[in-house]
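> Sequence order for the protein chains is A and B.
Each position in the first sequence, counted from 1, maps to that position plus 28 in the numbering used here.
Each position in the second sequence, counted from 1, maps to that position plus 28 in the numbering used here.
It should be emphasised that the hints constitute simulated quantities derived from the structure, not laboratory data.
Wrong hints could be hidden among the right ones.
Given that identical chains are not distinguished, each listed pair holds provided it fits within a single copy or across any two copies.
Claimed, not checked - Dumping the calculated BS3-like pairs for lysine-lysine here, alpha-carbon to alpha-carbon at most 30 Å:
#1 Lys52 / Lys456
#2 Lys156 / Lys32
#3 Lys32 / Lys423
#4 Lys423 / Lys380
#5 Lys117 / Lys152
#6 Lys424 / Lys277
#7 Lys188 / Lys307
#8 Lys156 / Lys220
#9 Lys225 / Lys469
#10 Lys152 / Lys32
#11 Lys328 / Lys456
2 protein chains.
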Amino acid sequence: MTTKYLLSEDQVPRRWYNVLGDLKSPPAPVLHPGTHKPVTPDDLAPLFPMALIEQEMSPEREIAIPDEVRNALTAWRPTPMYRAHGLEKAIGTRSHIYYKYEGVSPSGSHKPNTAVPQAYYNAKAGVKRLATETGAGQWGSSIAYAAGLFGLNVTVYMVKISYEQKPYRRSMMQTWGAEVFASPTNRTRAGKQILGKDPHSNGSLGIAISEAVEDAATHDDTKYSLGSVLNHVCMHQTVIGLEAQEQMKLAGEYPDVVIGCHGGGSNFAGIALPFARDKFNGKNVRLLAAEPTSCPTLTKGVYAFDYGDTVGLTPIVKMHTLGHDFMPPGIHAGGLRYHGAAPIISKLLDEKIIEAVAYAQLACFGAAVTFARSEGIIPAPESSHAIKAAIEEAKKGDAEGRSRVILFNLSGHGHFDLAAYDAYVAGKLEDFEYPRDAVAKSMASLPVIQA
Amino acid sequence: MTTKYLLSEDQVPRRWYNVLGDLKSPPAPVLHPGTHKPVTPDDLAPLFPMALIEQEMSPEREIAIPDEVRNALTAWRPTPMYRAHGLEKAIGTRSHIYYKYEGVSPSGSHKPNTAVPQAYYNAKAGVKRLATETGAGQWGSSIAYAAGLFGLNVTVYMVKISYEQKPYRRSMMQTWGAEVFASPTNRTRAGKQILGKDPHSNGSLGIAISEAVEDAATHDDTKYSLGSVLNHVCMHQTVIGLEAQEQMKLAGEYPDVVIGCHGGGSNFAGIALPFARDKFNGKNVRLLAAEPTSCPTLTKGVYAFDYGDTVGLTPIVKMHTLGHDFMPPGIHAGGLRYHGAAPIISKLLDEKIIEAVAYAQLACFGAAVTFARSEGIIPAPESSHAIKAAIEEAKKGDAEGRSRVILFNLSGHGHFDLAAYDAYVAGKLEDFEYPRDAVAKSMASLPVIQA
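Just need the whole structure built from these sequences, with the hints factored in.
And the structure:
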């Protein structure tokens, strides 16, 4: 059984928290992919509306959420926070486990928290169409939904292997009115370049980003939209942690550790950054990012300048990276298969404000099934990494003879991932070793930046 | 854009509304399938725990919801009610359209509202296992979830064609720990009888009911559980309408018409029966059940005594029926493919307390896509019948030059039905004519009851 902590609609945050305003040193500059010089707002103008570029670079600690955005978010926010009594009992821990649940959004994950403001600012700037990429489809479906709210068209470049193997999120995007192409396509130079080398390419998130960026840069009425990694995306997600702070007050506890799964970084940022502010203000709280062992960006990557995409069209940012042409193994947590990490998260890891841990696929599915049977919600494979980390933290507390207060973000439901659960229950799922050779090879692709 | 009407957790109803207490004449007796004599509670004892048998026959207007049940329901209840501003704008109506959204439950539909109390009363009576049937899987997944909460095992007989074509709800049931068999099976005499006639039978809900009933009747530690049709099931669903009445007060309006889709009747009962009480008390409100033209139980069936299952193992009830061996066409709204209707709904239709209307599949999918694009939620194909009816009611109001207040129940999301949306968007979906010949044939199967 669970206990639910609810907020009223007027407790949806009125301001995003911008961690850039609290950093002790400025973030590393973002470099132009051609010149390697720091980019200016004008350099980014073909890709983003100026309001989002300003947010990307703003040093303001708090940024007001426009009424139109806040109203749209209230369609599903505030999201519930639960005390996981059932899970605690199932694993026999004395720790208190809480989870914030973002799966109640229309597309079933945290992604609409940033899709809505991105669509809003683009529509306000007169943009007619958004071009974006998606892997398993969590982001693509979220921007398809949000764009519809503000009358924008959407073109989604969907990684080909997901397009073929996971048709239902594609159907979802199309039902919401988006046009969806299997990437690599013949619609862009980047796509043609990849297909020229390998006509049967399965695609990757890095390739799809290249295509979407090129589409936006070459069409006047079109901008680019990204579902993770960037500062403004991480900031939009802080509504999660800001609400969770109020809900922890209702529960009368404060977390010892705050956990989120980590792919590009926005979900982890969403739950963790408001607690990072507490930490800057002297609170004793651990912030733990949980990633897959098969794509161990934070735990095995280097902190270096790299491209955000495979072809090298995006600006170069300083981040934890496995190399921009790293091809991760085909785990079911498609949202965690990205070679890099948000620069802001990378910097906080480098400064030891946050920690990271990696878990293998089978262990995460085991945790997910335990959770589903004890809490009733079938988690997204991505979110299962946070569940696994929460269970391990609880067990460590038990071993130390003390009860920990643990908060994690359940970033989405697994309704479109049941084929993976099917394979797990049937014993057909396998683990992937840390891809040491592949990482070594892709590390050689890092751009050489003159200091 | 939408407006959301929320209730607090302590506004989850404390009592179910039992319409049996307000009927002017007693319902027709339930007859033993062998003797055709009225059944006694003892006759039903092999199938149900006594607490549910008492609820099935109780004339009490209100029945208290046990604390344990109410606590479990609060995992997702109260569910939100929305004003459909987006849909109103999309169809250009001056009517006010509201919808109650039951898709926020763990299994994504209204079904857990009765699965939870059924699991509770069975566990309390010392039952170890529940046997049940499911078509597309909405019910099976809900009872799998609820049984887990109270430590019961579950065996689900899933209609074979759905088992094969819709594997994800099966995976969901298995993830929650249920055992699932494709029906007809060789585990029961009923299944063997069907397979003897047709080894390649695709199964049907009526056949799966026969198997589950036989399983329960032949195992001492096992009871049967049904997700619709019965009085106690309809009563458990009244939490929907009871909450909606409070939410309409928040909206400051009272509905001219209350709409639910109709398969076995429990979803329609859930939203409509509390408003039927208002109607008994003099309120002017229309109650409209929306069903598929391909399985037109209420609009084309006869009001007669019939079996609930195909083989003839269940008690005989007086209901609107197409004949118990009617095989409906393979529409995607799997939850609306049942030959009969809840006796209580049938009686209210006969007494003109409620109305019924039928819509074809393509028109309903069209309404569903309009809804998804304007309101953001992708509806279950079953629920799309209520949306279609709501749109038509709004248009009739416009034609009369007046604004109607319309409330409908959005009984579930369509996350497991995106293959159907895919087919619709691709123009590959077809309509089925009213199956006049099939109905004529199945009507011949009605049992002959001596007056």
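> So, for every hint listed, does it hold in this structure?
A quick look at each hint next to the structure:
1. Proximity of Lys52 and Lys456 under a CA criterion of 30 Å is satisfied in neither setting, with 48 Å inside one chain copy and 59 Å between copies.
2. In this assembly of identical chains, the alpha carbons of Lys156 and Lys32 lie at most 30 Å apart only when taken from different copies (29 Å versus 41 Å within one copy).
3. Taking CA atoms no more than 30 Å apart as the test, Lys32 paired with Lys423 passes inside one copy only; the shortest distance there is 23 Å, against 40 Å between copies.
4. In this assembly of identical chains, the alpha carbons of Lys423 and Lys380 lie at most 30 Å apart only when taken from the same copy (23 Å versus 61 Å across copies).
5. Taking the shortest alpha-carbon separations for Lys117 and Lys152, only the inter-copy value of 20 Å comes in at or below 30 Å, while the best intra-copy value is 49 Å.
6. For the identical chains of this complex, Lys424 and Lys277 are intra-copy neighbours only, at 24 Å inside a copy versus 50 Å across copies, given an alpha-carbon limit of 30 Å.
7. For the homomeric pair Lys188 and Lys307, neither the shortest alpha-carbon distance inside one copy (42 Å) nor that between copies (56 Å) is at most 30 Å.
8. In this assembly of identical chains, the alpha carbons of Lys156 and Lys220 lie at most 30 Å apart only when taken from the same copy (25 Å versus 61 Å across copies).
9. Only within a single protomer do Lys225 and Lys469 lie at most 30 Å apart by alpha-carbon distance; the minimum there is 18 Å, versus 62 Å between protomers.
10. With identical chains, the CA atoms of Lys152 and Lys32 are at most 30 Å apart between copies only, with a shortest distance of 25 Å across copies and 37 Å within one.
11. Taking the shortest Cα distances, Lys328 and Lys456 sit within 30 Å of each other inside one copy (27 Å), while across copies they are farther apart (48 Å).
Checked against the numbered hints above, the structure violates hints 1 and 7; every other hint is satisfied.
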